[in-house]
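Residue numbers (the numbering used here), protein chains in the order written: chain A, 3 to 381; chain B, 618 to 688.
Among the clues, some could well be false.
[Claimed, not checked] Partial list, derived from the structure: chain A residues whose beta carbon lies under 7 Å from chain B: (1) HIS123; (2) SER125; (3) ARG127; (4) GLN130; (5) ALA134; (6) GLU143; (7) LEU156; (8) ILE161; (9) PRO211; (10) ALA241.
[Stated by the list, open to error] Selected chain B positions facing chain A (Cβ under 8 Å, derived; list incomplete): (11) LEU632; (12) SER633; (13) CYS634; (14) ALA649; (15) LEU651; (16) SER665; (17) PRO671.
Derived by calculation from the structure, the hints in this document are not laboratory data.
The C-beta atom is built at its ideal place from N, Cα and C for all residues, glycine as well.
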Amino acid sequence: MVAIRLARAGFKSILFEKRPRIGLPVRCGEATGNRTELARFLPIDEKWISADINAARLIAPGGRILERSLPGIGVVLDRGRFDQALADLARTAGAEVRPDNEVIDLIEENGSVAGVRVRDHASGRSYQVRAAVTVGADGIECSVGRRAGLTRHLGLADIHSAFQYLIEADDLPLDTIEFYTGRSIAPGGYAWVFPKGPGLANVGLGIQPSPAGVASPQELLDRFVAGRYPGARIRATVAGGTSGTKPLKTMVADGLLLVGEAAHQNNPLSGGGIMNALEGAALAADVLAEALSRGDTGARALEPYNRHWARTVGSSIHKNARLRKFFYQLSDHELDDLAAVLQGFTHRSGDNVQDYAEILKNALMKVPGLVWKARKLLW
Amino acid sequence: MVTPERLVLEAGRCLSCAACPAVCHSGALNLAGLILEIDLELCDNCLSCIAACPVRALRLENNAKTDTDRS
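Construct the entire structure; sequences and hints are all you get.
Given below as structure tokens:
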């Protein structure tokens, strides 16, 4: 998205992708915001939309079901095609796209990032590209940000380890997304069912990993699918990790800027990050276009990116990082108590579903045993 | 320093998902394209990558074990 917008603004852009094919293998649950939100960033193409989401269902550990009709709340993407569409738009705008080319190091001059060293996997050749600014959009690995000292490795408490199948089965929801909670299903996380078209769904789960963990996400998912969808046919497997931590203190350095999960821009509670990444990239492109026009890509010139992000999406990420710490350490019994109270909330009309963090906070106030645990969230 | 155990990748299980390099504090793991590279000189057997791997593709193995032992 940054390359698209900068190329459209007339700046020469090169996009390096270390994988041989853009967007593949998919590492994503693929559920995201609605068509209107997506259309702010690129024209909707039915080729990369797998299903519309019109309802959500939360299943508590004891089996209580919270369900709500949410017409047009989101879509489930075909992420491989979506990423390829973004790359095509970048090419059309004038950017150069180089798959199978991996950024292996940064060129640093006088304390500023002056470009990148790249390895072409096909030829084995390494080369340098000098640039006025480098944008790190390399996801959870964030090797660019780590090399620049903007971020470091994630602790096990700050990551969700996830596994997903694309399954084919008879009784899958058509336009309802489902979330399953409970320590036996997904300790420190949740399981999901996201529709992918008639008879197809992404069924996955993410957990907070632990060296003492007895079961891997794959083993837990095998158990879940066997119990919930016996006889399901597995069409594809997806694995990945998602960052579950608060925003970076700074996403910029002299000659460098980070976007997407590389900048911890995904929602730490849900793990979702597509809309936030698009939002971050659009903001980054605006700030970069201004900085490049003035010929100054120093950290101070890029600072408005930090400021605007902190005032907008960044503040919700902070809130959700705190919620994540609280929510995923609840016992099954506590989750059931919370679900009982939430059922009253979800049946009330007029709630803004986007404010689910607020709804959760209000519900917590009504569960006596959880108020003390949640005090850092509430006050 | 020779440690009694070393990190081993079961390449057939790895899905190149990048969860392991994300939690590697020593920089011993790098996903080069779709291939996971392990620098055993940097690895200090902290186990984080083993815990983070969704498919149990990584494990510690006794250094003394040979390829013949494993087969």
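Comparing the hints with the structure gives:
A hinted interface residue such as HIS123 (chain A) counts as satisfied when its beta carbon comes closer than 7 Å to some beta carbon of chain B; here the least separation is about 5 Å, so the hint holds. About 13 Å separates the beta-carbon of SER125 (chain A) from the nearest beta-carbon of chain B, more than 7 Å, and the hint is not met. The interface hint given for ARG127 (chain A) is violated, since its Cβ lies 14 Å from the closest Cβ of chain B, which is over the 7 Å cut-off. With a cut of 7 Å, the hint placing GLN130 (chain A) at the interface with chain B is violated, because the nearest CB-to-CB distance is about 18 Å.
A hinted interface residue such as ALA134 (chain A) counts as satisfied when its beta carbon comes closer than 7 Å to some beta carbon of chain B; here the least separation is about 27 Å, so the hint is violated. A least Cβ separation of about 5 Å between GLU143 (chain A) and chain B falls short of the 7 Å threshold, and the interface hint therefore holds. Contact between LEU156 (chain A) and chain B, as hinted, is supported at the beta carbon level, the nearest pair being about 5 Å apart and thus within 7 Å. With a least beta-carbon distance of about 6 Å to chain B, the hint placing ILE161 (chain A) at the interface is held under the 7 Å criterion.
Contact between PRO211 (chain A) and chain B, as hinted, is supported at the beta carbon level, the nearest pair being about 4 Å apart and thus within 7 Å. For ALA241 (chain A), the suggested interface contact is upheld, since its CB lies about 4 Å from the closest CB of chain B, less than 7 Å. The restraint placing LEU632 (chain B) at the interface with chain A holds, with a minimum CB-CB distance near 4 Å, inside the 8 Å limit. With a least beta-carbon distance of about 7 Å to chain A, the hint placing SER633 (chain B) at the interface is held under the 8 Å criterion.
The closest approach between the C-beta of CYS634 (chain B) and any C-beta of chain A is roughly 4 Å, which is under the 8 Å cut-off, so the hint is satisfied. Against a cut-off of 8 Å between C-beta atoms, the interface hint on ALA649 (chain B) holds, since the closest Cβ of chain A lies about 6 Å away. Proximity of LEU651 (chain B) to chain A holds as hinted, the smallest CB-CB distance being about 6 Å (cut-off 8 Å). For the restraint placing SER665 (chain B) at the interface with chain A, the shortest Cβ-Cβ distance is roughly 6 Å, inside the 8 Å limit, so the hint holds.
With 8 Å as the threshold, the beta carbon of PRO671 (chain B) comes within range of chain A, its nearest partner Cβ sitting at about 4 Å, so the hint holds.
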